[in-house]
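Undergrad: Each chain is listed here by its residues.
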Amino acid sequence: MVPMKRILHEPLLHFLLLGAILFGLFRFFQPADGRGASSRRIVLSLEDLMQPAQLFQAQWRRPPTADEFNSMVENRVREEVLYREALAMGLDVDDEIVRRRMAQKMEFLSEDVTESYEPSADTLRAWFARHADQFAEPQRLSFRHLYFSPDRRGPRTELDAQRALARISGQPEATPLGEALADPFMYQDYYRDQTEETLSREFGPGFAHAVEGLPSGSWQGPVQSGLGWHLVFVDASIPGRPAAYENVEAEVRTAWLAEQKKIGWEKAYKAMRAKYTVLIPDVPAAAPAAATAPPPPVGEDP
Amino acid sequence: MRSQVHAIAALLFGLASPAVLSGQQPNPDRNAYFGETHLHTSWSLDAWLFGNRVTDPGDAYKYFQGQPIKHPLGYEIKIETPLDWAGVTDHSEYVGVIRLANDPTSSLSKLPAAQPLVMKNDSPAEVQRIFEYGVKVLMGGPPIPSLMSPEVAGTVWQQNTALANAANKPGRFTAFCSYEWTSMPNSMNLHRNIFFKDCGKLPTMPFSALNSQHPEDLWAWMDGQRSAGNELLAISHNANLSDGRMYPTEVDSRGRPIDAAYADSRTRNERLIEIKQIKGTSETHPLLSPNDEFAGYEIMSVLLGDPVGRIPHIVGSYSRQALKDGIAMQSTLGFNPFKFGFGAAADAHNSATPYRQSNFFGGHGVADGTIERRMSGYNFSGIDVRTESPAGLTGAWAEENTRASIFEAMKRRETFAVSGPHIKVRFFGGWGYTAQILAGKDWVKQGYAKGVPMGSDLPPSAGKAPTFIVWAVKDPTSGNLDRIQIIKGWTMNGQSFERVFDVAWAGNRRPDKWTGVVGPIGNTVNLETAAYTNTIGAVELKKVWTDPEFDSTQHAFYYARVLEIPTPRWTTIQAKQLGIAPPDVVASTIQERAWSSPIWYTPSAEARSGAKPGTTVADLVKQGAKALSSEEIAALIVHQSVWLENTVTGDKYQIIYGASGPGKDTTPLTPSDPGYVTGQFAANQGQFRLKYVGSKMRLPSLMGDAAAASRLGVTRPYFINDGKIVTELGGTPISITVYKLGDKYYGARSNEFGYANYMMVPAVQLLDPIGIPPGSGKAP
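Taken in order, these protein sequences are the chains called A and B.
Here the first sequence stands for residues 1 to 302, where the numbers follow our numbering.
Here the second sequence stands for residues 303 to 1082, where the numbers follow our numbering.
Calculated from the structure, these hints are not laboratory results.
Fair warning: this is a prediction, and the values are worked out from it, not measured in the lab.
One or more hints might be untrue.
[Unchecked claim] Cβ-Cβ distance ranges computed for the label pairs, FRET-style: (1) B:H516 - A:A250: 38 to 44 Å; (2) B:E674 - A:D67: 34 to 40 Å; (3) A:V93 - B:T506: 31 to 37 Å; (4) B:Q879 - A:V93: 57 to 63 Å; (5) B:H516 - A:T65: 21 to 27 Å; (6) B:R812 - A:A250: 56 to 62 Å.
Beta carbons: idealized from backbone N, C-alpha and C, even for Gly.
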């Protein structure tokens, strides 16, 4: 038995309720049957007039002249007149564009409902816990390196690095001897918490990949990068892991909302769909030639 | 335990903040962030026609961050090195319209005005028809209001903003709100990309070329946006396709004289230019920079849409000349309309773009999307697609990877351009840098503290000559570096000059003792295998350089250019894949490169007062000089050999003005008459030839390759029209007005801002005096 309190916190319920209210309001304010064009009065609000005027101002960087303003008003009136006359003539019936637009509007309404819902921190955390893999953080490395510059050493560079390794092998990360044997590096001597992607940009992908595979706690190499040869001392390797919720809260919120929109819409659609009986012709399983004979309709019960 | 080791290591070595790489904390020494400032998706009218029907700005941002997306032809494409930031710039004109015109369910597709945009089939001819309609009618003709409804454009604009906001992750990837203003009157490319600092105060609709084709109106609109708190800047592009109208020195796009207000407005809004992109380089041209051996790089001189009978003008189409004209105008007229920094970009129409020669998949959907079509030299809108180049990039020196920080870098012009590889370049100018500064670990800090970075004005003079720190590191996945050059431009009495200095180079090459020029680095490219090796060249180059020719009275600018070693061009690589010869219409190897934004020197009033005064036309007229009429000029020069002195440089040389065609002369000439050949020309058509010009002579702007012409005897035509000697450079007229004062003759060139810098002088006997008197016994 699900406790009542939990049901009340169920976001889906909120959507459905809110949706029902919104759909209801929408219906209430729309004329029940516009086709009759019952009223011959056209009432424009101040907002109706100001919106095109503001657009004009934004585009042309000056307010419209009296003539321009009047013609905008007349355009608005003309649109309303033609709309009502078109409804009266039934032009909206069986019109492909109108159908699609209205179907689309239903979807937008559903999305607006979702958008207005503010999830609680608990909701997001719980959702994050179930989808942590989407926000996983890649492996991160911290290392110190000694650089051997081909600009200074030419073809001897790799050999020099190998010899230097023999001399500092077994030494700790802080090695004045190593520093004396190596060349100054143009960027950093110590890199903290680097991903393979950031290392690729600085050193080239080959180096980034090679360093990820090095054992930590000792001097290793030489490893070639796009900039020369390196001896590397990995002092910390943090394996790939899920992100901390606090670091990705905004992304979690966006992802959660996108999912809720989808679920909300599917539920709402399913509920609407359930009210209909749909008859679909049987699609022939075999050859396209069979399409010549119209298949008998089959019924589908909800 | 590990974090302890970590903390101890950091303490022990006192190393630079690791945030430099991870981008977590602002770095006061600034990081180089590579970004794209020019890309089209299916929302752009032309991109849709090229077959890009599906991908949108959201896909482009995915591509830039390293995710593969689909090329319009269906195959997968992936960026070589992900970017730090980008702004998608779809054409604001009729944005989204063609997609809707071809969507039978859209209401727009029912409009009569949309019918010419509806594709009847997918044939190349139909695409070409609509493309030409787009270029000529939509871009070139008067606006069509029914296709400009805010319901369409406004909605697309909002979606564009939403996608940029979704892709923007401060500290990791910056996505800008941006668009392209696509002004192209008479096929002259005046396009600008507009970048907004943030997306919070965007206008309802972008200002498009349908609002106005005049750049002056765009800047006025931008001023309005800025004063309303919406900070933004413009990046002009493809000056090389502008028919000489990107950098006008006389009149603006409405024919009004260029003045201080124009210059202020342009400089305030147009902070950067694209110096290189898929459709060519706009740095300079060999005709404008005859002494720059690296000037002929990815040149594309065409007009978009390929209007028949039109030859694009070279003068006015390249940025180095504009920088030179800018300081000449500053010095003579008091304002500089051309004070911009450098960036580079793609201008691809596939919602993605290649940046490497080894990965060139074109930029225009079906037009260049397959190797067979590319290598067949598909002719598309006047462009042989083999002449296309991979995209360039803009490097921004910014504290952190955020919209605000990168925008501010662009605004202060602390940017550099790369031709594709992520070459990093620093450039500082000042008066107190010592040669040892680069030995210290804190040289960047010192660079900022004791001078200015690229894009700035040098602080007021505090020494004999300015000193520059220049530093470059190769892209770890690309070719080694050949050299760093500093390009200097300077001006005196309305004339402007340029010189390229080799300042740092790989290997043990020795610069020429007299010219300072460093010879070629060599070439490891094997044209049969289309491979190269990094066995030559350097990883890092750096130097503290002092201008050896500095004159404190002259306005000047300096920028750095970094060259990679020669590597195979994409056409060479793809020719090898097909087993065909590398094409003969492009170079088979190229030197990828980077350009820093310039640093300007402006003399103080005190320094200016020490300048050698020149001769202005106004001075001459005040003294009673008279301008010669056409007849008087003809009597003076036609069929004459005259000696001239450039009074700014002191150089003397000869011009032979040959006989002018007599037109319908009644006297029959025999083959042994001197005028037998020229007599066949119409009246007033003559040739002139320069003589005694050496390659070390300091030639002012727009003289062409005068030394080669002098050496080879190459002539150019001249005419005498309306009291002027009219010559041309690449089809752009340059005229000389001749003044007589007493018995002296002075010439004023039309591109020297009111100065009469040439004087007729007696014939010269010793052409290049060596300063050793004859008979002094030094040599037999």
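Undergrad: Give a verdict on every hint.
TA: Do the hints match the structure? See the list:
Roughly 42 Å separates the CB atoms of H516 (chain B) and A250 (chain A), a value that falls within the hinted 38 to 44 Å. Checking the proposed 34 to 40 Å range against E674 (chain B) and D67 (chain A) shows it is violated: the Cβ atoms sit about 59 Å from each other. The given range of 31 to 37 Å is respected by V93 (chain A) and T506 (chain B), whose C-beta atoms sit roughly 34 Å from each other. Judged by the Cβ atoms, the range 57 to 63 Å given for Q879 (chain B) and V93 (chain A) holds: they are separated by roughly 59 Å.
A hinted range of 21 to 27 Å holds for the C-beta pair H516 (chain B) and T65 (chain A), which are about 22 Å apart. Between R812 (chain B) and A250 (chain A) the Cβ separation comes to about 59 Å, which falls inside the hinted range of 56 to 62 Å.
This entry does not satisfy hint 2, going by the numbered hints stated previously; all others are met.
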